[in-house]
Amino acid sequence: MPDSGVSRVLRKEDQRFLTGRGHYTDDLNRPGQLHAVFVRSEMAHATVKSVSTDAAKQAPGVVAVFTGQDMADDGVGSLPCGWVVTDKHGEAHKAPPHFPLVRDKVRYVGDHVAVVIAETRAQAADAAELVEVDYEGLDANADPAKALEGAPQIHDEAPGNLCFDWELGDKAAVDEAFSKAHHVSRLELRNNRLIPNALEPRAAIGEYDPGTDEYTLYSTSQNPHLLRLILCAFVLNLPEHKVRIVAPDVGGGFGSKIYCYAEETVCTWASKKLNGKPVKWTAERSESFSSDAHGRDHVTHAELALDENGKFLALKVDTIANLGAYLSSFATAVPTYLYGTLLAGQYKTPAVHCNVRAVFTNTAPVDAYRGAGRPEATYVVERMVERAARDMNMDPAEIRRRNFVQPDEFPYQTPVALTYDSGQYEKALDEALAMIDYKNFGQRRQESERNGKLRGIGLSAYIEACGIAPSQVVGALGAGVGLWESAQVRFNATGSISVFTGSHSHGQGHETTFAQLVADRFGVPVENVDVVHGDTGRIPMGMGTYGSRSLAVGGSAIVRACDKVIEKGKKIAAHLLEASVDDIEFDSGNFRVAGTDKQKSIGEIAFTAYVPHNYPEGVEPGLDETAFYDPANFTYPAGVHIAEVEIDPETGTTRIADWVAVDDFGKVINPMIVEGQVHGGIAQGIGQALLEEGVYDEAGQLVTGSYQDYCMPRADDLPSYRVGMIETPCPHNPVGAKGCGEAGAIAAPPALMNAITDALGTEEISMPATREKVWRIARGRLAQAAE
Amino acid sequence: MPTVTMTVNGQQVSRDVEPRTLLVQFLREELGLTGTHVGCDTSQCGACVVHVDGTSVKACTALAMQADGSEVTTIEGLANNGELHPMQAAFKEHHGLQCGFCTPGMVMSAVDLLKRNPDPDEDTIRHWLEGNICRCTGYHNIVKAIQHAAKEMRG
Numbered sequence: 001m002p003d004s005g006v007s008r009v010l011r012k013e014d015q016r017f018l019t020g021r022g023h024y025t026d027d028l029n030r031p032g033q034l035h036a037v038f039v040r041s042e043m044a045h046a047t048v049k050s051v052s053t054d055a056a057k058q059a060p061g062v063v064a065v066f067t068g069q070d071m072a073d074d075g076v077g078s079l080p081c082g083w084v085v086t087d088k089h090g091e092a093h094k095a096p097p098h099f100p101l102v103r104d105k106v107r108y109v110g111d112h113v114a115v116v117i118a119e120t121r122a123q124a125a126d127a128a129e130l131v132e133v134d135y136e137g138l139d140a141n142a143d144p145a146k147a148l149e150g151a152p153q154i155h156d157e158a159p160g161n162l163c164f165d166w167e168l169g170d171k172a173a174v175d176e177a178f179s180k181a182h183h184v185s186r187l188e189l190r191n192n193r194l195i196p197n198a199l200e201p202r203a204a205i206g207e208y209d210p211g212t213d214e215y216t217l218y219s220t221s222q223n224p225h226l227l228r229l230i231l232c233a234f235v236l237n238l239p240e241h242k243v244r245i246v247a248p249d250v251g252g253g254f255g256s257k258i259y260c261y262a263e264e265t266v267c268t269w270a271s272k273k274l275n276g277k278p279v280k281w282t283a284e285r286s287e288s289f290s291s292d293a294h295g296r297d298h299v300t301h302a303e304l305a306l307d308e309n310g311k312f313l314a315l316k317v318d319t320i321a322n323l324g325a326y327l328s329s330f331a332t333a334v335p336t337y338l339y340g341t342l343l344a345g346q347y348k349t350p351a352v353h354c355n356v357r358a359v360f361t362n363t364a365p366v367d368a369y370r371g372a373g374r375p376e377a378t379y380v381v382e383r384m385v386e387r388a389a390r391d392m393n394m395d396p397a398e399i400r401r402r403n404f405v406q407p408d409e410f411p412y413q414t415p416v417a418l419t420y421d422s423g424q425y426e427k428a429l430d431e432a433l434a435m436i437d438y439k440n441f442g443q444r445r446q447e448s449e450r451n452g453k454l455r456g457i458g459l460s461a462y463i464e465a466c467g468i469a470p471s472q473v474v475g476a477l478g479a480g481v482g483l484w485e486s487a488q489v490r491f492n493a494t495g496s497i498s499v500f501t502g503s504h505s506h507g508q509g510h511e512t513t514f515a516q517l518v519a520d521r522f523g524v525p526v527e528n529v530d531v532v533h534g535d536t537g538r539i540p541m542g543m544g545t546y547g548s549r550s551l552a553v554g555g556s557a558i559v560r561a562c563d564k565v566i567e568k569g570k571k572i573a574a575h576l577l578e579a580s581v582d583d584i585e586f587d588s589g590n591f592r593v594a595g596t597d598k599q600k601s602i603g604e605i606a607f608t609a610y611v612p613h614n615y616p617e618g619v620e621p622g623l624d625e626t627a628f629y630d631p632a633n634f635t636y637p638a639g640v641h642i643a644e645v646e647i648d649p650e651t652g653t654t655r656i657a658d659w660v661a662v663d664d665f666g667k668v669i670n671p672m673i674v675e676g677q678v679h680g681g682i683a684q685g686i687g688q689a690l691l692e693e694g695v696y697d698e699a700g701q702l703v704t705g706s707y708q709d710y711c712m713p714r715a716d717d718l719p720s721y722r723v724g725m726i727e728t729p730c731p732h733n734p735v736g737a738k739g740c741g742e743a744g745a746i747a748a749p750p751a752l753m754n755a756i757t758d759a760l761g762t763e764e765i766s767m768p769a770t771r772e773k774v775w776r777i778a779r780g781r782l783a784q785a786a787e
Numbered sequence: 001m002p003t004v005t006m007t008v009n010g011q012q013v014s015r016d017v018e019p020r021t022l023l024v025q026f027l028r029e030e031l032g033l034t035g036t037h038v039g040c041d042t043s044q045c046g047a048c049v050v051h052v053d054g055t056s057v058k059a060c061t062a063l064a065m066q067a068d069g070s071e072v073t074t075i076e077g078l079a080n081n082g083e084l085h086p087m088q089a090a091f092k093e094h095h096g097l098q099c100g101f102c103t104p105g106m107v108m109s110a111v112d113l114l115k116r117n118p119d120p121d122e123d124t125i126r127h128w129l130e131g132n133i134c135r136c137t138g139y140h141n142i143v144k145a146i147q148h149a150a151k152e153m154r155g
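Heads up: the sequence lines are chains A and B, in that order. For what it's worth, the UniProt record's numbering labels the leading residue of the first sequence as 1, then goes sequentially. For what it's worth, the UniProt record's numbering labels the leading residue of the second sequence as 1, then goes sequentially.
Chain B on its own, in the form it takes in the complex (with noise of 0.2 Å):
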């Protein structure tokens, strides 16, 4: 079985594994990271979104062995010492969360978001929300979340 490693929330880790186990696999068994979840088999839920060197990715839908070498934060990793971070914090302020499965998919891929984009409006927020499904909130304060979010961190 061929060896990946990677860094994971800041440490490294080393596993053998078989070569088709998925990302979200080596994350939840391997590595007992059960934040980052799975809730379809055709890639299009994003409840297993995870950081891999800064850019979302779906979880599901990467090898673990793709991820060699690569630097990944999961929704474990995102809270920087016991504080939430902006997003989690705005998630939490504007009940942008119910059942909490679809979350850390959620958080992870706003993130992204707002790196790319500081200042999104309402309907470029809603459209990069279409990889993201939640069944709970009708997204409507998920929005509101993410806004409120990217105004805190523009500060």
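Chain A on its own, in the form it takes in the complex (with noise of 0.2 Å):
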């Protein structure tokens, strides 16, 4: 790609958010619409004896009442869990089933018992308190680390509550190499809870069009297409080419958008048993807390043996995930293939094995949030390293150095199945090392114990796979879907151009980058160029938005729509100027006959293309290409965090005083969105490191179920960031991306939390480390001193 596509362009999308004129699916009124609200349950875990909805549907305005035995009646299926792992012992995972409205019972706090549709959302919001459901309560447990040890069986089709035992690589190779090491580091690790909350709450309106058996479904989903595809081929049995789903402006995603959830079925469905009237369903808050896929949830004991040099032998890692009540759309491949596979991190380590014990609880499902799998494995691997190095009493820096994978050893095969493609690890680190002025942190430390507080200084060297994924590997390790992206390029008659993607757009601003990708490559002004995403009656088949891949799949999959673009117009050019097709060159926007002044332009041909009076024989009319591009492997961004903490021992305040991120994400086409992706994401990841933890008691019920006991990151918790960037384009794609989106909240929770256990002395505090946890530890510091 040529350089001149990188700049710093303002966002074509801000106008409409700026000025009110977004549209949002809660923004959306159809006529006639009616509003559902949900019936959930208060009950953790309980056999649902009956359901009484004859009250609710005296109600004002009631048009319908349904449960899970209308859905039933009705031969709809159960929400799948797209990817089959299969465990260690060459089974598949066990899949219960997941009934949009529950038949027998309820599994966690929030679990859909019925829905009460209505003229109004008041109506129904009222009524909904009429419905009786009788329940017969039975123990619960929301623990992972209890999940396996007599716990209370939550399906009958997972005994022991054990969804499956999973193992990755050489464990005997991992047991020789710790049977001659110098020494071992241990750690216990407890990843917490999250609650992805994007700001938009999920909303849904299904129509069902009588006259022509057509469905439409707007719905805040990052992956229309997928979503399409798991509803019709899965749970409701619809053909595709009669369904549309429309995500218009999405507020955010974070992965908790991509799933097929209970509430847009049923509005799907509810909207034909209603003869085509809209219904409609916006989240409350709460709701999101107790129904949204969560994110993390991992218990893990790890071990790094190392030789007297401070090389790392082997890594063993042996972890339980909380995947809740029921299996979200791709929760299996999480804590799997999205985890295990990176805890080599950007090392050497020869050997690795990881068994993976993944559980039910009665919580709500756990699924990707932003990072997925990797930021659990960065934590492990990171949080590791550092109690080697501070074990071993080494530099923390050093010890990575003398790990790291070199740049003259790509391709690099991990004993954990990936082979990475290129990187400058001890480049980010230097660069990283040097923003942050590392050498000299000893004398801001003493600055500080002379002013009463505590500093710490906290690495991060983070690797994710990104790029999600090739096809037949992503088959093979059981995926039920290919990942490729889809793009369609059209120049219309007059010169502008629509580029429709199967990503889609919440908040990454696509509209912007791809926008910039075109016009780059057609050497025409971006003002030109406008991007269509989410929509499924208007793009062609698409996979969607998750896992860092927009700009890696989807980018190259346009890059290669314009390249055929191009291909046509050589053709068309060369009848126009009487030359050879070989003859033809295309550049800044124009074709051009090699070594010659006679060309024409873009524009020229686009127009010639569709009004064809003097035109090739044996081309079609029209410019309007369409491309699918599967990756030929993962994409690996990698970069190095260094946070550096002031805590205030008095008050347990940990001030983040500094925050230097040094990335590397291949080519980047827009560096002020890149730099927008990245805060955010450490944001997030330092509100998982301090604030954030989604807590159910020993009943199952959710205590943090609303912003006032949930702590979201304010813009007063946080600091600014310093953001520098490195560039190692990825050698397989044609943009040279490798993805930008979840790093930040990959590589800042060790990196925050390797700071604080500097800051105070002690590996024994759990994330998030909260005012009190810091306060009680720095108080005993303080005891201790003082003795």
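Just so you know, these hints were derived from the structure itself, not from any lab. Take the hints with a grain of salt, since some may be wrong.
[Claimed, not checked] Heads up, simulated EDC-like pairs for lysine to aspartate or glutamate below, C-alpha to C-alpha not over 16 Å straight-line:
no.	chain 1	residue 1	chain 2	residue 2
1	B	Lys92	A	Glu511
2	A	Lys180	A	Glu303
3	A	Lys272	A	Asp73
4	A	Lys570	A	Glu617
5	A	Lys348	A	Glu398
6	A	Lys12	B	Glu93
7	A	Lys57	A	Glu132
8	B	Lys144	A	Asp716
9	A	Lys427	A	Glu409
In this text the structure is predicted, and so the values were computed from the model without any measurement.
Hints given; two lone chains; assemble the complex.
Structure below.
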């Protein structure tokens, strides 16, 4: 790619968002629409003996009340999990049914018991209070660590609450290495449950047209085609060509809007039951807390074996992963192929073994949340490495340096399945160390100590596998879908360009970045290019946005489609210029006969393609090309983040004194947007490390069910960030991009926890490192010092 | 049903509403001004901030009847004849928004801040934004945008 496309272009989408003219799903209203309110379980685990809907049906404005039995009678299926994980005994994961409305039992607080549909939302909410559910309470368990130890049985299909027992890596080689180790470092880690909290609550409008037998679903989805596929093929048994899904402006996703949920399924189904009346549902925030898919929630024991020089010999990881009460759409892939495969980190650890037991608990389903498995892996590796450095009295930067995969060692085959394609790990480390003035940290620490404060510094050298993913590889690993992307690049007759992408933008700025990509390819102003996404009625089948894949995979599809346009354009230009096709060059918006000044602009060629009065024989009219791109490998963004903190032992307050990030995302198209992605990722990572935790009590009640209880990072909790970049282009996709969306959320938690544990002088603190936890430890330290 | 009358973005409007109607419902559902968003149910996210008689108010926490007789400005009324308000322009210039959902409330809140304090330092801005949650930007560029808007508006 020429560099001319790289620039800080202001975002095309901002005008509508800044003036209140965005169109989010809840902003849409369909003629004659009805409103749905769900009756949700207040019990974490109970048998549903009966659901009495009579009083609700009589309430003012109520049109219908449906239960799981109504959906069963209609043949509605179960919400599937689309990735089959084969356990270490060769068996497929346990896949208990997950019905949109429950049929026999409720299994978490927020589970869907019934839906009330009324003329207004207030009427539906009022009537929902009149639905009487007769529960027979059962013991509940929300703790993954206890799920396998005699906890109540949640699904008959999954004895002992075990979904699968999975392993990756060469256990014998790991055991051998440990037997010869000079030193072994150990850690017990808890990766806290997070609740994604995209600021726009999920919403859906289902609309059936009895005249054409077609359905339209407006939904807050990151991947409308994938949602359509799941809904049609597995749940509602509808032909795909009769279903259109529109995901208009979507207010953040972070993974939580990938999945096929009960609510949108019910709205779509109910609209047909109600003879085509549109059915709208918008989550209240409390519903987002209880029923959006949550993230993380791992309990891990890890051990790292080292030789006397601090070289890593082997890593051993044993994890219990909480999947919640049911399997969400991609839940099984997260603690396996997106986790175990990243445990080599940036290092040449020759042997790695990972065992994961995934368990059911009486909690909301857990699935991918920004980073999805890779933050959990990076947290293990980078906490472990820092621990080892401390145990061996080595500098944490130096121990990393000694173990990095070197730039001349790519492609590098890790012991956990992946083949890293490119990277400059030491360069990123050096730049980050220089930015934060690492060598003078000791002075800053002394200065803090003079002021009665504790100062710490923490590193995190992360790697992720993005650009998800080669379809054959993921197919072999159990994925139920291919993970390519589509693009259609259409020149309009008068020279403007419409780009249709299967990627979806819900904050990432694709309308700008993708337009830059196309404008650069064709040598036209970026204003001439509009990007269309989020509508299965307008766009070729696509796979959507998650796993930092949009530019690496979706952008590559766009480049391929552009190349097809140029190839066709050359044929038309050759005809008009009376030259051979082989002699036509395309550059900066013009087709030129090589070595001459004879040329035609691409606008002229587009016009000719649609008004083909003078046209080459055998060439179809029109200039409108589609491409599908299936990546050859994952991409491997990597980098180093360093956090420096100052803790006030009197209050337990952790002040982030400095934050530097040096990331390698390969080719960057719009640095402004990429930096914004890094900032946002870091903020979510800091949230995980300092503030956020989804907590269920022993009865399975969600304790953190609102913004009063779940601590979202506010502006005054966070610092400004210093972001640097290096660029090692991805060698196997035509853009050279690796992906940037998840990096901050992956890198930040271990960086911050390494800094906090450095300041406190103990590893014995779990995320989130709240003021109270920090204060208790710091106070103990002060008391010790006083003795 | 009682009648409420108010001036919204310079135009007088009058509707009969249920007494329990919130100001944000009135704006979104009665007037179709969907730029004002609802992001929570506990009055914390700030996506619904509008100005009532020149002061920022969380429209999810006020009844429409409480705004009877008031001048209300929403995000749709901030730009002047198509020209972005300096705060909107600064958010665009400094990439202070990503998904855009918190943005209307952020912008309206920030405009009120500068009315009270035309030259706030970073700590003041961050503290002021305590009642506006953004999940996308990490606030870095929002703070920068407000600083630049302040400079611009001071002239």
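Going down the list of hints, with the structure as the test:
1. B/Lys92 with A/Glu511: holds (14 Å)
2. A/Lys180 with A/Glu303: Satisfied, since the Cα-Cα distance of roughly 14 Å is no more than 16 Å.
3. A/Lys272 with A/Asp73: Distance of about 14 Å is within 16 Å: holds.
4. A/Lys570 with A/Glu617: holds (14 Å)
5. A/Lys348 with A/Glu398: holds (14 Å)
6. A/Lys12 with B/Glu93: holds (11 Å)
7. A/Lys57 with A/Glu132: This hinted pair holds, its Cα atoms lying about 12 Å apart.
8. B/Lys144 with A/Asp716: Holds - the C-alpha atoms of aspartate 716 of chain A and lysine 144 of chain B are around 14 Å apart, at most 16 Å.
9. A/Lys427 with A/Glu409: holds (15 Å)
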